Amino acid sequence: MIAAVLLSLWIGSSTSSIAELRHALFSPDERVSDIAIREIRWPRTVTALAAGAALGMAGTLIQGHTRNPIAEPGLLGINQGAALAIVSVAVFSGPLQPWPQALLALGGALAASLIVFGIGRVDGRGASPITLVLVGAAVTALCAGVVSAIVLLSEAALETLRFWQVGSVVQGYDSFLALWPLLLAGTGLAMANARGLNALTLGEDSARALGITAPRARGIGLAAIVMLSGLAVTLAGPIAFLGLLVPHVARRIFGADYRWVIPGSAVCGALLLVVADVLGRMLARPGELPVGVVVAMLGAPFFIYVARRRKPVTV
Amino acid sequence: MSARRTAPTALLLFLATLAVLCLHLSIGGTPIPLPDVVGSLLGISPDPRTELAIMEFRLPRSLAALCAGVGFGVAGALTQTVARNPLASPDILGVTNGAALGAVALLALTSQVQGLPMFLHAYGLPIAATLGGLLVSALVFSLVWHSSLESNRLVLVGLGMSGLCAALTSWMLTLGDVYNAQQALTWMAGTVNGVSWADLAIAPLVIAIGVALAAALRNQREVLALDSDTSRALGMDLGRDRIIMLGLATALAVAATVIAGPLAFVALASGHASRLIARSTVPPVAHSALVGAIFVLLADLAAARLFSVVLPAGVATAVIGAPYLIYLVIRQTRVRSA
Numbered sequence: 005m006i007a008a009v010l011l012s013l014w015i016g017s018s019t020s021s022i023a024e025l026r027h028a029l030f031s032p033d034e035r036v037s038d039i040a041i042r043e044i045r046w047p048r049t050v051t052a053l054a055a056g057a058a059l060g061m062a063g064t065l066i067q068g069h070t071r072n073p074i075a076e077p078g079l080l081g082i083n084q085g086a087a088l089a090i091v092s093v094a095v096f097s098g099p100l101q102p103w104p105q106a107l108l109a110l111g112g113a114l115a116a117s118l119i120v121f122g123i124g125r126v127d128g129r130g131a132s133p134i135t136l137v138l139v140g141a142a143v144t145a146l147c148a149g150v151v152s153a154i155v156l157l158s159e160a161a162l163e164t165l166r167f168w169q170v171g172s173v174v175q176g177y178d179s180f181l182a183l184w185p186l187l188l189a190g191t192g193l194a195m196a197n198a199r200g201l202n203a204l205t206l207g208e209d210s211a212r213a214l215g216i217t218a219p220r221a222r223g224i225g226l227a228a229i230v231m232l233s234g235l236a237v238t239l240a241g242p243i244a245f246l247g248l249l250v251p252h253v254a255r256r257i258f259g260a261d262y263r264w265v266i267p268g269s270a271v272c273g274a275l276l277l278v279v280a281d282v283l284g285r286m287l288a289r290p291g292e293l294p295v296g297v298v299v300a301m302l303g304a305p306f307f308i309y310v311a312r313r314r315k316p317v318t319v
Numbered sequence: 005m006s007a008r009r010t011a012p013t014a015l016l017l018f019l020a021t022l023a024v025l026c027l028h029l030s031i032g033g034t035p036i037p038l039p040d041v042v043g044s045l046l047g048i049s050p051d052p053r054t055e056l057a058i059m060e061f062r063l064p065r066s067l068a069a070l071c072a073g074v075g076f077g078v079a080g081a082l083t084q085t086v087a088r089n090p091l092a093s094p095d096i097l098g099v100t101n102g103a104a105l106g107a108v109a110l111l112a113l114t115s116q117v118q119g120l121p122m123f124l125h126a127y128g129l130p131i132a133a134t135l136g137g138l139l140v141s142a143l144v145f146s147l148v149w150h151s152s153l154e155s156n157r158l159v160l161v162g163l164g165m166s167g168l169c170a171a172l173t174s175w176m177l178t179l180g181d182v183y184n185a186q187q188a189l190t191w192m193a194g195t196v197n198g199v200s201w202a203d204l205a206i207a208p209l210v211i212a213i214g215v216a217l218a219a220a221l222r223n224q225r226e227v228l229a230l231d232s233d234t235s236r237a238l239g240m241d242l243g244r245d246r247i248i249m250l251g252l253a254t255a256l257a258v259a260a261t262v263i264a265g266p267l268a269f270v271a272l273a274s275g276h277a278s279r280l281i282a283r284s285t286v287p288p289v290a291h292s293a294l295v296g297a298i299f300v301l302l303a304d305l306a307a308a309r310l311f312s313v314v315l316p317a318g319v320a321t322a323v324i325g326a327p328y329l330i331y332l333v334i335r336q337t338r339v340r341s342a
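Sequence order for the protein chains is A and B. Quick note: the first sequence uses our numbering, first residue 5, plus one each step. Quick note: the second sequence uses our numbering, first residue 5, plus one each step.
Don't read these hints as lab results, they were simulated from the structure. Small disclaimer: the values here were computed from a predicted structure and weren't measured. All the given hints hold, so there is nothing to weed out.
Pair ranges (Cβ atoms, derived): (1) V313/B to L118/A: 27 to 35 Å; (2) F311/B to L118/A: 25 to 33 Å; (3) R256/A to L280/B: 40 to 48 Å; (4) A160/A to E60/B: 34 to 42 Å; (5) I131/B to R263/A: 54 to 62 Å; (6) T205/A to W149/B: 32 to 40 Å; (7) W184/A to T285/B: 56 to 64 Å; (8) T285/B to R312/A: 27 to 35 Å; (9) I131/B to S92/A: 36 to 44 Å; (10) W264/A to W149/B: 34 to 42 Å; (11) T234/B to T205/A: 40 to 48 Å.
Take a look, some chain B residues computed to stay more than 12 Å from chain A by CB distance: (12) L25; (13) S49; (14) P50; (15) L238.
Glycine residues also receive a C-beta, built at the ideal position from the N, C-alpha and C atoms.
Could you build all of it, start to finish, from the sequences and the hints given here?
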């Protein structure tokens, strides 16, 4: 992980030498390379770490609560819901400050995920994997359609959306400085939820016997999911498939105990997003690729692999 | 399903399509009265300027919307028949996104690499789109061929492939010099803005042949709609028929994508809606074609004319089609749990 962070500091639109990197880290002065590393790459790396950790944990919680190996915050309409909330307000108000923008993104993500969960439960026995994903895809497409209509109609909304979509640079860092308490709160809730989730894996009856109230544990889990994925969306723009990939990796490494899997998926998610961000800078030189695109290129094949497996994984 | 029962609805749909087509032609920057539209189409136009406006500027766009709708509609009907699942349509399965990816990849290639043969610049786009669509289609179907062609696993694999292609398309668009707004819109959302006669050279022909073949293969379609044990007991070679149908569907979807880009949900909604209209077990070809055409024409009309800016038709098909998908999913779930 430390190696990945260093790599992310090292590789940019112009690659720094190792000496320049050491110089910037340990004895900064006003050199160009120092400024590039400290002012641009460092905030960007921190943002990617935070967003990745949040998405990783959100993915683990979603998969754990829905017992659905292909559930994923990005597939539940959260990204486009946040985008829709941001642009529809920006139409009237003009470009937004980090704080209101973050709140809007959160609100949009919450609304979209509640709608998807709500419709996904139509059969009354909890959402089946395919239903959740399909409803998520439909809500995503619906929001995406409205978003692109709005940004084509309004200059201000387009500006806001573009800043948000490439948000991983300075913009995201500002939001991170404003929003880190949310990351802490979300992580706290997720950790508090670990024991309940462990018990719920045994079924709701056994969980009750172990002294866990299912609705309360589910409520905490949903709150954590929404907080974390809303945060990630606000910081790093729309990223899909990361929250799908990470829990599978984390479960493989850390076993079945959510007290370990949840922090583990935070680490894996942070690592993966930083690496994807670096890859995005390397693949599309001298420009760069939005990190969401890189993650989708890695995550979509994995999604196909999981979906195709004959025996569904038990989560 | 008998021809006697479906023919009247098909006729009604045909008349509706004609009406919508004329409406599409008449509404525009300056409205042209409907009688003048019909007159120009029949060759008895009131004045040369109206005729020019209709024949040179508006008709290509309307025909593009019409052809794309027909192609997507029939392609959706065919895949839904083979997979016996209303959710299995080329747009959900990533075929249209694959075609768009192929086209964008070629655009990026020709803008980056010098000295490519001329014919690539001139005719490469449809070829590249076809390759992309075929590749994705072959991948998706072969990944689930043996185990679960008829289950929702097909839909999931397709959704994943669709997301992958969309991501790769955004990457390609940043690579080359292709990032002009119109092209990007065409290949991301789907639009028929600015289509001219030259763009309508080959694809409509492909669509016409494809639709004719699909209509001719009616017996095979009805057999495929039975469950696989029954048709096997009837001595049918399911594999061959399935491959023919899916190949036909892919060709139609790709041709439609070459015209109008990956318009979301047209194939999905048309196939299913036509089955409801005709009250038949398999989505009928004629109905799906006409429903698709009406859908795209109306969507383009709404997207292009309701607002101060001309929006891409794909935006409207997504906003209309997504609730339809939700409805389908809810229905499927209810049926399952009942």
